[in-house]
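Residue numbers (this note's numbering), protein chains in the order written: chain Y, -17 to 234; chain U, -17 to 234.
Among the clues, some could well be false.
[Unchecked claim] Below, in silico cross-link-like pairs of lysine to aspartate or glutamate (EDC-like), each with a Cα-Cα straight-line distance of 16 Å or less:
1. Lys136/Y <-> Glu210/U
2. Lys50/U <-> Asp201/Y
3. Lys185/Y <-> Glu178/U
4. Lys76/U <-> Asp49/U
5. Lys136/U <-> Glu210/Y
6. Lys232/U <-> Glu161/Y
7. Lys165/U <-> Asp134/Y
8. Lys165/Y <-> Asp134/U
9. Lys50/U <-> Glu206/Y
10. Lys233/Y <-> Glu161/U
11. Lys233/U <-> Glu161/Y
12. Lys185/Y <-> Glu98/U
13. Lys50/Y <-> Asp201/U
14. Lys232/Y <-> Glu161/U
15. Lys64/Y <-> Glu114/Y
16. Lys97/U <-> Glu178/Y
17. Lys76/Y <-> Asp54/Y
18. Lys50/Y <-> Glu206/U
19. Lys223/U <-> Asp219/Y
20. Lys50/Y <-> Glu202/U
21. Lys50/U <-> Glu202/Y
22. Lys132/U <-> Glu114/U
23. Lys132/Y <-> Glu113/Y
24. Lys218/U <-> Asp219/Y
25. Lys218/Y <-> Asp219/U
26. Lys(-15)/Y <-> Asp9/Y
27. Lys185/U <-> Glu98/Y
28. Lys223/Y <-> Asp219/U
29. Lys218/U <-> Glu206/U
30. Lys97/Y <-> Glu178/U
31. Lys185/U <-> Glu178/Y
32. Lys83/U <-> Glu111/U
33. Lys132/U <-> Glu120/U
Since the hints were made in silico from the structure, they are not lab data.
Computed from a prediction, not measured in an experiment: that's the story for all the values here.
2 protein chains.
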Amino acid sequence: MIKVVLIGSGNVASHLIQSLKNNNSIDLVQVYTRSKKSLENKIDTTKITTEFSSLKEADIYIIAVSDKVIEDVSNQIPFSNKLVVHTSGTMDYKIMNPKNKRGVFYPLQTFSKNKEIHMQSVPFCLETENEEDYNVLEILAKNLSKLVYKIDGKQRKSLHISAVFVSNFVNHIYHIGHELCKKNNVPFAILQPLIEETANKIKTLTPLQAQTGPAIRNDENIIEQHLEALQNTTYKDLYQKLTLSIQHAKKL
Amino acid sequence: MIKVVLIGSGNVASHLIQSLKNNNSIDLVQVYTRSKKSLENKIDTTKITTEFSSLKEADIYIIAVSDKVIEDVSNQIPFSNKLVVHTSGTMDYKIMNPKNKRGVFYPLQTFSKNKEIHMQSVPFCLETENEEDYNVLEILAKNLSKLVYKIDGKQRKSLHISAVFVSNFVNHIYHIGHELCKKNNVPFAILQPLIEETANKIKTLTPLQAQTGPAIRNDENIIEQHLEALQNTTYKDLYQKLTLSIQHAKKL
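Here chain Y stands alone, though its shape is the one from the complex (with noise of 0.2 Å):
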């Protein structure tokens, strides 16, 4: 069994929590919180600490806590020569205090509060400093889903930008289409089966093949009409932009 301490406990944290102490392969030993009120009901209390100093020992130590802390909780763990790793998209494990050796855990998923992760599913990107110790994280990885990545520093860091626009900037979009509807007495229901099919769409063809609609059709009278009817000028500035985007895209 692989014996794992894990620190934070924001959303990626609370997710793997649940994922890591129902594993039959894992033993998650402890976990450190600044306040045990965060983990309230997530996890036997007896394996909450606030204390750095009472870290216990194990195999590996995941960090999964804000960017800017990173670095500092590295420092605060009370041990040499163990495997850590963070679990952030965009930064080098080199930030990490370099008395352990170190690596990267990145989940690349969207992960909320209120809404259940299948972890299974979740693709899980790896990077270790030493070539030795990227068999462990793997196991570790691949104990919890049947996606797991090789993937450099570099890689991941422009992994994390697609992340934002597919997922950050498609969430906003899916606001504005709310707002909407909102505005027009329209359930947004009506439109899950179109966002559903145009994630699903892109499973077999590439996004440039699935594309439709007006901007693609270069269709200027309902672009015009619809320019017109768009009050909030935010929304009608992005739809503007995101219309040369598409027709520019068809050209090259």
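Following the hints, position chain U against chain Y.
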């Protein structure tokens, strides 16, 4: 059995033909197309006509052509007092010739040639000029799909704008993710679970509740790193605009 004549051979028409001809409660009497070749292998050739003067009698005529030619096609139908509907998200039924009873039969989905559609899950937005025609249009729609809505012209136009956002623009953002992956030698497939989860999340959370990422966290450090890494000026501009729009929506 409802007798249907379909006019058109594009993406929407092709998918409708597929569903209509396989439905035991519907008699697809005839399909009009300008060139027989466009419907090769899609329907028994004896059912195809290229002459409006040869159009047969039916209960419903579905005009599934591009917005610009709906009016002209409606003028060519050699009958009067029939139920004639178009499939456009934007056009008023009043653009069609008033010699017939008019309506709208708008399937709210993204249709591409090489991608099958499960028609039972396509929302149909219906509207009829005369109340008494609604029933037969509804029966037709309910034979094709589980999701049938009565939607007036104003609502439909707003739904179409929302659909451009949540489907056409979202797909283009997938394209941006695809391009970034290609450029950085990362398989785009790694992003698929994230794309699916982002689409699924909003079944149980509002898009505002579901929002994650550097913009909503006001993580200026990451945002700056991402902007610096993005070389394409269009992508950089969209990144900035969408980030500001997310931050603005949070404050409302």
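Structure-based check of all given hints:
Restraint check for Lys136/Y and Glu210/U: satisfied, since their Cα atoms lie roughly 14 Å apart, inside the 16 Å limit. A distance of roughly 9 Å separates the Cα atoms of Lys50/U and Asp201/Y; the hinted pair therefore holds under the 16 Å criterion. Among the hinted pairs, Lys185/Y with Glu178/U is consistent with the structure: their alpha-carbon atoms are about 10 Å apart, no more than 16 Å. Straight-line distance between C-alpha atoms of Lys76/U and Asp49/U comes to about 13 Å, which keeps the hinted pair within the 16 Å bound.
Restraint check for Lys136/U and Glu210/Y: the C-alpha separation of about 14 Å stays at or below 16 Å, so the hint holds. For the proposed pair Lys232/U and Glu161/Y, the alpha carbon gap of about 13 Å is at most 16 Å, so the pair holds. A hinted pair counts as satisfied when its Cα atoms are at most 16 Å apart, and Lys165/U with Asp134/Y qualifies at roughly 14 Å. At roughly 14 Å between alpha-carbon atoms, Lys165/Y and Asp134/U fall within 16 Å of each other, so this suggested pair holds.
Note on Lys50/U and Glu206/Y: the hinted pairing holds, with a Cα-Cα distance of about 14 Å set against a maximum of 16 Å. Restraint check for Lys233/Y and Glu161/U: the C-alpha separation of about 15 Å stays at or below 16 Å, so the hint holds. Distance hint between Lys233/U and Glu161/Y is fulfilled; the C-alpha atoms sit about 15 Å from each other, no more than 16 Å. As the CA atoms of Lys185/Y and Glu98/U are separated by approximately 12 Å, the hinted pair is consistent with the 16 Å bound.
For the hint linking Lys50/Y to Asp201/U, the alpha-carbon distance of about 9 Å falls within 16 Å, and the restraint holds. The hinted pair formed by Lys232/Y and Glu161/U meets the criterion: a straight-line CA distance of about 13 Å does not exceed 16 Å. Annotation: proposed proximity of Lys64/Y to Glu114/Y holds, straight-line Cα distance about 13 Å (limit 16 Å). Annotation: proposed proximity of Lys97/U to Glu178/Y holds, straight-line Cα distance about 14 Å (limit 16 Å).
Between the alpha carbons of Lys76/Y and Asp54/Y the distance comes to roughly 13 Å, so the proposed pair stays at or under 16 Å and holds. Restraint check: the Cα-Cα separation between Lys50/Y and Glu206/U comes to about 14 Å, which is no more than 16 Å; the hinted pair holds. Using a Cα cut-off of 16 Å, the hinted pair Lys223/U and Asp219/Y holds, with the two alpha carbons roughly 9 Å apart. In summary, the hint linking Lys50/Y to Glu202/U is supported, as the alpha carbons are separated by about 11 Å, within the 16 Å threshold.
With a C-alpha separation of about 11 Å, the suggested pair Lys50/U and Glu202/Y falls inside the 16 Å cut-off, and the hint holds. The suggested pairing of Lys132/U with Glu114/U holds, with an alpha-carbon distance near 13 Å, which does not exceed 16 Å. Taking the CA atoms of Lys132/Y and Glu113/Y, the gap is near 11 Å; set against the 16 Å cutoff, the hint holds. For the proposed pair Lys218/U and Asp219/Y, the alpha carbon gap of about 15 Å is at most 16 Å, so the pair holds.
For the proposed pair Lys218/Y and Asp219/U, the alpha carbon gap of about 15 Å is at most 16 Å, so the pair holds. For the proposed pair Lys(-15)/Y and Asp9/Y, the alpha carbon gap of about 5 Å is at most 16 Å, so the pair holds. As the CA atoms of Lys185/U and Glu98/Y are separated by approximately 12 Å, the hinted pair is consistent with the 16 Å bound. Distance restraint check for Lys223/Y and Asp219/U: the Cα-Cα separation of roughly 9 Å lies within the 16 Å cut-off, and the hinted pair is therefore satisfied.
A distance of roughly 11 Å separates the Cα atoms of Lys218/U and Glu206/U; the hinted pair therefore holds under the 16 Å criterion. For the suggested pair Lys97/Y and Glu178/U, the alpha carbons sit about 14 Å apart, so the restraint of at most 16 Å is met. Note on Lys185/U and Glu178/Y: the hinted pairing holds, with a Cα-Cα distance of about 10 Å set against a maximum of 16 Å. Of the pairs offered as hints, the one joining Lys83/U and Glu111/U holds, with about 7 Å between alpha carbons and a cut-off of 16 Å not exceeded.
Only pairs whose Cα atoms come within 16 Å are accepted, and Lys132/U paired with Glu120/U is accepted, the gap being roughly 9 Å.
Every hint from the earlier list agrees with this structure, and none is contradicted.
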